[in-house]
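Peer 1: Given these sequences and hints, build the entire structure.
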Amino acid sequence: MNAAQLTAWLTRFAELVHAQRDELTALDSAIGDADHGSNMDRGMTEVVAALAEAPPDDAAALLKRTGTTLVSKVGGASGPLYGTLFLRMAGAIGDGFAPALRAGFEGVLARGKAEPGDKTMVDALGPACDVLDAGGSLAEAAQAAADGRDATVPLVARKGRASYLGERSAGHQDPGATSTALLLQAAAETLGGVQGQGEEATP
Amino acid sequence: MKKLINDPADVVADALRGMAAAHPRLRVDHENRVVLRGDAPVRGKVGLVSGGGSGHEPMHGGFVGPGMLDAACAGEVFTSPVPDQMVAATQGVDGGAGVLHIVKNYTGDVMNFEMAAELVAAESGTEVVTVVVDDDVAVTDSLYTAGRRGVGTTVLLEKIVGAAAEEGRPLAEVADLARRVDDTGRSMGVALTSCTVPAAGKPTFDLPEGEMEIGIGIHGEPGRRRVPLAPAREVAQMLVEPILADRTFTDGVICFVNGLGGTPLLELYVVYAEVAAILEKAGIGIARSLVGPYMTSLEMAGCSVTLLQADDELLRLWDAPVDTPGLRWGA
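Sequence lines, in order, name chains A and B.
Residue 12 in UniProt numbering sits at position 12 of the first sequence, with consecutive numbering throughout.
Residue 294 in UniProt numbering sits at position 294 of the second sequence, with consecutive numbering throughout.
Everything labelled a hint here was simulated from the structure, so no lab data went into it.
Only true hints are included.
Here are a few chain B residues that sit away from chain A, every Cβ distance over 10 Å (derived from the structure): (1) GLN91; (2) LEU265; (3) LYS281.
Calculated pairs, DSS-like style, for lysine-lysine (alpha carbon to alpha carbon, straight line, at most 30 Å): (4) B:LYS2 - A:LYS73; (5) B:LYS3 - A:LYS73; (6) A:LYS73 - B:LYS202.
Okay, the calculated bits of chain B under chain A, using three or more residues with CB under 8 Å as the criterion: (7) 73 to 79; (8) 200 to 207.
Don't be surprised by glycine CBs; every beta carbon is placed ideally from N, CA and C.
Peer 2: What follows is the structure in structure tokens.
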């Protein structure tokens, strides 16, 4: 996985977030505080600008820049969570995309202290990692993330502001899981042909 | 959306320019969106840093000044500030006696302050202690929630702990005091209307005419239950009862009726009268009071009630001089 491929991935993710900004915010209005779309859009716009301004030479530097930009620009819960995801990926991208995403996922778990089933981004990211670890394709991982996103609808939130609603959070799709599904969709669209499984980077 | 703004994207930056122009004794770091005491860092004094999403004014920037906070970080509307801001604030107020981070218990605020404390620890020798405020009885504190939200007690805590820091007390003592204040404060709020985040352009939730939301947070997140609008007498009951059921209060409380931004002071005093009557009946004397919009939720109509069990020490610190844009007496 080289820097150009990852740039394509993140650029596509930024496009998807921008296109669905209002939908993400609407989901967050129902069970949160109505800022997920605008925060993620602002953050990813900054990421794309930062990568264009000074393109990093290698994949690890690019992911690190992405993570620090999100931590520095987004705030809320999504800044630290997505920031930690990319910062941890940076440390493992040398081993390939799947191990990197797994490392990022573990970072998200540690930072947010959420568990599967808490109605968070974990519910989309976890299944995607499981598919990749089992040798599945990025398209299959994106499908698993989308299924995980859909499965958050009946769940009662146990983390974040949605948890204040208790039972009333059931029946709504989680905004964090929704943006994470977009992240995997972007990966399938841009890196699908490259293949993400454990192979060494061939710049 | 009808708002006195320029570009919705510039609301926070524009408001900070106004703060700087209106209050020359504050220093505003526009790049990092941090409001600091003009004389920060104060040598030998514990620095108090707080912060959170914007939209709650005067909290927190309006509580920066002698006797209260040393710095406040302003996030986007209803969005936690980022770690870089908290690091800049911490470095800006470190007078050699350490820095206390006062964090309201929201997932984003807690995570960003946590990352900031890690960065400060990695980059400097500044000692940082974090105290999380969680006083909202509307939220069940269990493994199944993010824990109680930080609401009204935050204002009282920043005042009381600010006075203690001003006296030159060491960090450990200041932090213990902050935890004690959090332990003894309880709050509950009600919304009559929703509020509109400028970037979203439309109300965060629908609250039909004739209904109100009990147990509301300060970000337009829905509350505990929705009930028909009722007279202030009954609303006061709905707010005070869960507070008294949650903790035993005895004579000598600080009673704080807070406006959420869209409710006039006239109505807040109507509520205060009802709250005072309920407390009198319960044999709980009010030692000090605070009535007004101190922790708002943009233009939301509604209020919150906070009770804090005071003692001689807390009352002495409450009465100590404070000189900030949002709270000022004895100075």
